[in-house]
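Protein chains: 2
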Amino acid sequence: MPKTDIARRVYNHTWKLDPIVRSLLDTDFYKLLMLQMIWGLYPKVDATFSLINRKTSVRLADEIDEGELRAQLDHARTLRFGKKEMIWLAGNSFYGSKQIFSPEFLRWLAGFRLPDYHLEKRDGQYELTFHGKWVETTMWEIPALAIINELRSRAALKAYGPFALDVVYARAKAKMWEKVERLKLLPELRISDFGTRRRHSFLWQRWCVEALKEGLGLEVFTGTSNVLLAMDNDLEALGTNAHELPMVLAAIAPNEEALKQAPYQVLQDWESYYGGNLKIVLPDAFGTDAFLRDAPDWVADWTGFRPDSAPAIEGGEKIIKWWQERGRDPRDKLLIFSDGLDVDMIEEAYHHFHGRVRMAFGWGTNLTNDFSGCSPWPNPQLEPISLVCKVSEADGRPAVKLSDNPEKATGDAAEIRRYIRIFGDKGRVSHKVTV
Amino acid sequence: MPKTDIARRVYNHTWKLDPIVRSLLDTDFYKLLMLQMIWGLYPKVDATFSLINRKTSVRLADEIDEGELRAQLDHARTLRFGKKEMIWLAGNSFYGSKQIFSPEFLRWLAGFRLPDYHLEKRDGQYELTFHGKWVETTMWEIPALAIINELRSRAALKAYGPFALDVVYARAKAKMWEKVERLKLLPELRISDFGTRRRHSFLWQRWCVEALKEGLGLEVFTGTSNVLLAMDNDLEALGTNAHELPMVLAAIAPNEEALKQAPYQVLQDWESYYGGNLKIVLPDAFGTDAFLRDAPDWVADWTGFRPDSAPAIEGGEKIIKWWQERGRDPRDKLLIFSDGLDVDMIEEAYHHFHGRVRMAFGWGTNLTNDFSGCSPWPNPQLEPISLVCKVSEADGRPAVKLSDNPEKATGDAAEIRRYIRIFGDKGRVSHKVTV
Numbered sequence: 001m002p003k004t005d006i007a008r009r010v011y012n013h014t015w016k017l018d019p020i021v022r023s024l025l026d027t028d029f030y031k032l033l034m035l036q037m038i039w040g041l042y043p044k045v046d047a048t049f050s051l052i053n054r055k056t057s058v059r060l061a062d063e064i065d066e067g068e069l070r071a072q073l074d075h076a077r078t079l080r081f082g083k084k085e086m087i088w089l090a091g092n093s094f095y096g097s098k099q100i101f102s103p104e105f106l107r108w109l110a111g112f113r114l115p116d117y118h119l120e121k122r123d124g125q126y127e128l129t130f131h132g133k134w135v136e137t138t139m140w141e142i143p144a145l146a147i148i149n150e151l152r153s154r155a156a157l158k159a160y161g162p163f164a165l166d167v168v169y170a171r172a173k174a175k176m177w178e179k180v181e182r183l184k185l186l187p188e189l190r191i192s193d194f195g196t197r198r199r200h201s202f203l204w205q206r207w208c209v210e211a212l213k214e215g216l217g218l219e220v221f222t223g224t225s226n227v228l229l230a231m232d233n234d235l236e237a238l239g240t241n242a243h244e245l246p247m248v249l250a251a252i253a254p255n256e257e258a259l260k261q262a263p264y265q266v267l268q269d270w271e272s273y274y275g276g277n278l279k280i281v282l283p284d285a286f287g288t289d290a291f292l293r294d295a296p297d298w299v300a301d302w303t304g305f306r307p308d309s310a311p312a313i314e315g316g317e318k319i320i321k322w323w324q325e326r327g328r329d330p331r332d333k334l335l336i337f338s339d340g341l342d343v344d345m346i347e348e349a350y351h352h353f354h355g356r357v358r359m360a361f362g363w364g365t366n367l368t369n370d371f372s373g374c375s376p377w378p379n380p381q382l383e384p385i386s387l388v389c390k391v392s393e394a395d396g397r398p399a400v401k402l403s404d405n406p407e408k409a410t411g412d413a414a415e416i417r418r419y420i421r422i423f424g425d426k427g428r429v430s431h432k433v434t435v
Numbered sequence: 001m002p003k004t005d006i007a008r009r010v011y012n013h014t015w016k017l018d019p020i021v022r023s024l025l026d027t028d029f030y031k032l033l034m035l036q037m038i039w040g041l042y043p044k045v046d047a048t049f050s051l052i053n054r055k056t057s058v059r060l061a062d063e064i065d066e067g068e069l070r071a072q073l074d075h076a077r078t079l080r081f082g083k084k085e086m087i088w089l090a091g092n093s094f095y096g097s098k099q100i101f102s103p104e105f106l107r108w109l110a111g112f113r114l115p116d117y118h119l120e121k122r123d124g125q126y127e128l129t130f131h132g133k134w135v136e137t138t139m140w141e142i143p144a145l146a147i148i149n150e151l152r153s154r155a156a157l158k159a160y161g162p163f164a165l166d167v168v169y170a171r172a173k174a175k176m177w178e179k180v181e182r183l184k185l186l187p188e189l190r191i192s193d194f195g196t197r198r199r200h201s202f203l204w205q206r207w208c209v210e211a212l213k214e215g216l217g218l219e220v221f222t223g224t225s226n227v228l229l230a231m232d233n234d235l236e237a238l239g240t241n242a243h244e245l246p247m248v249l250a251a252i253a254p255n256e257e258a259l260k261q262a263p264y265q266v267l268q269d270w271e272s273y274y275g276g277n278l279k280i281v282l283p284d285a286f287g288t289d290a291f292l293r294d295a296p297d298w299v300a301d302w303t304g305f306r307p308d309s310a311p312a313i314e315g316g317e318k319i320i321k322w323w324q325e326r327g328r329d330p331r332d333k334l335l336i337f338s339d340g341l342d343v344d345m346i347e348e349a350y351h352h353f354h355g356r357v358r359m360a361f362g363w364g365t366n367l368t369n370d371f372s373g374c375s376p377w378p379n380p381q382l383e384p385i386s387l388v389c390k391v392s393e394a395d396g397r398p399a400v401k402l403s404d405n406p407e408k409a410t411g412d413a414a415e416i417r418r419y420i421r422i423f424g425d426k427g428r429v430s431h432k433v434t435v
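Chain order of the listed sequences is A and B.
If you count the first sequence from 1, position 209 lands on 209 in our numbering, and the numbers rise without skipping.
If you count the second sequence from 1, position 254 lands on 254 in our numbering, and the numbers rise without skipping.
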């Protein structure tokens, strides 16, 4: 047999594009859950999503070639859900339930494609926006972020020789395994991969997910938010809902009272679609303090909370106290931590809350994009940046997130002031956002 | 193009043996240099080589399957020097000299094959001996050691899943690169690979050699003792001579005076074949103190010394002092350190001797077989052992090495006492031998 597979070599020469997103399932599971609800309840709402690079010192438009970015975005627009993928969505159990997606929704989904995008350069950044129906634009969030982050990794490694690349990935694997060994010491840990959007690359995320599966076992590593990786590796697809739900509902609210009720309207809408372990509250869109203060009592009956912008211990304690005030036993409840976790933080929260509340960890950037110290020479381009794709407008009105951390707030300044006037500013404390 | 290369898959299924030694050039360069001299001056001498496992707590016969060992040894015996290899030996420059190997020797070498071996199990160890003409048996040393060490690595990793293996090698690469980065800080370092005999595996040695080539550059990484890797990677093939020369000459010496002169006879024999940078003295076969004390003055005109069994600084200082006593300037001289080096020892010797003498480092086991801490779980089988293949008899008489370190002495106890009576015991100090 020849040493060189000539056909493969020639095929490799003819590559026009090495696609970053090869499947519409290469997205976070919560997008599909939210999509079904948006499709059912808000099919006519317009929503604009916009890329926001919180780390403006990184000039993305200088690091990433516009032609390559357009080629990747264009390629993603050619994708449809595949036959096998549709069958899996219909036949698989999610969170213990069969047929979580209705046949009508799946029929619609089979024809889905990503809508057009608007891209221009400004001040060294890319202005990347997606205008259109919410039920279409929402699906750009994850692929857009994954594409930009992976193009940035590729640019970072462009000048590396094959040997240096081998060292980079060897070190990253060794580093990843150190983390696995530390996490193995936490026997009741429940952790999952939430790292799609910020991943170094698809192949690296896949390696990390397989590492966690083999290293921690399925008792501890409970699944991945990435639907494609869940399908391919027989893992649970995990995730619930995101800030875009209260943000859009608040933006389109006809009056201030409706705006104030938007966070609870979201929960009622959600409950009309999903139950059980999917009843997870994301409380911080307009500040957790305000959310808890004004919450109807039935909110305390939900399965759990995902505090997403306060430090884990502080945020968790606040919710535990609130459950207790509402007469619920926190030991029956679930806290999902997913904000900028690293192993130190996971260990700390695990020990802090162990026995007092059920916990789960959704591990993101530090799982799938931690190459710090892995390059043979310093390369800041390998460091992840705080890049998000947020809903910025709904039906022509500005969308706002206040967050518990003012550094993570998004939206027009005047509109933020208005929201603060409505929800209050209590409990919002600045913390540096790195990822 | 098909995802699976069916022909390759089927070919892989039909593997009967994955040979460890695939070429007679997969040996240390000094064996070829010594071989030419043995062929020219001692073609009739018989010499027996014997495997010695200094770490008897490791029961090699339990770790390594006898059938596999025989299959590998038998395969090595089928090898001949290839046409390309012979052309390279004839046409390449070694140590700056063309045609270092004579046409007559090369003609003889073209027909060379490894002689038979004798293998049996005793007390959990393998007794592996090579009887025959010195000019044949000498060539077994390196392949025999490489085969046993690699079979041991393979056994150590037999139960590992593909993912655990990936982590093992990722960690080993990361670890190796840490060493490269430390060595890069020593700008005038001259270092080479001497790790063939103790290597984890051939492929791993190749990776390490390529790592050093790319990481340190050819100014610092001066070459490899492995002839095959030197040829394949356009590196210098390095090495001079070994203890077997004085050991055999001492064993066959007709009287005590000739025995006492054997170490210097070796040098005169050597000089009749090689000059320049190949004029390196290996002084410790019967103790460096005795060697220096009795050395004729012309020995001080040789290019350098390779102190091989004393701690680097102590051993180096002893030789520098001797050069000075003999009126030579150590700054014109070369010290080659090659005994159990790790990066700490290299750094220490480099800084200690910098500017006072020329230095070169021959890096062995810690370069090509350092998997300590790389396995996801503790695995003592991955730790290298102190395995040697030494001449044990010449023309029916026992061969002895005293060494500067009594722990490294080899030979019959009564005969060792006789040698100590002849050469003295001064300066011989025990140090733990780990590799």
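Honestly, the hints are just simulated from the structure, not real lab data.
Certain hints may be false.
All copies of an identical chain are treated as equivalent in the list; a pair is satisfied when it fits inside any one copy or across any two copies.
[What the hints assert, rightly or not] With a straight-line Cα cutoff of 30 Å, these simulated DSSO-like cross-link-like pairs (lysine-lysine) come out:
#1 K84 to K260
#2 K3 to K84
#3 K184 to K333
#4 K98 to K158
#5 K121 to K333
#6 K260 to K3
#7 K175 to K98
#8 K3 to K83
#9 K84 to K321
Being a predicted model, the structure only gives us computed values, none of them experimental.
Against the structure, the hints come out as follows:
1. K84 to K260: Neither, since 43 Å and 82 Å both go past 30 Å.
2. K3 to K84: between (35 Å within a copy, 18 Å between copies)
3. K184 to K333: Result: close within a single copy only, 24 Å intra versus 54 Å inter.
4. K98 to K158: Answer is neither; intra-copy 45 Å and inter-copy 41 Å both fail.
5. K121 to K333: For K121 and K333, the Cα distance exceeds 30 Å both inside one copy (46 Å) and across copies (63 Å).
6. K260 to K3: The answer is neither: 68 Å in one copy and 55 Å across copies each exceed 30 Å.
7. K175 to K98: The answer is neither: 38 Å in one copy and 47 Å across copies each exceed 30 Å.
8. K3 to K83: between (37 Å within a copy, 20 Å between copies)
9. K84 to K321: neither (46 Å within a copy, 79 Å between copies)
Comparing the model with each earlier hint shows violations of hints 1, 4, 5, 6, 7 and 9; every other hint is respected.
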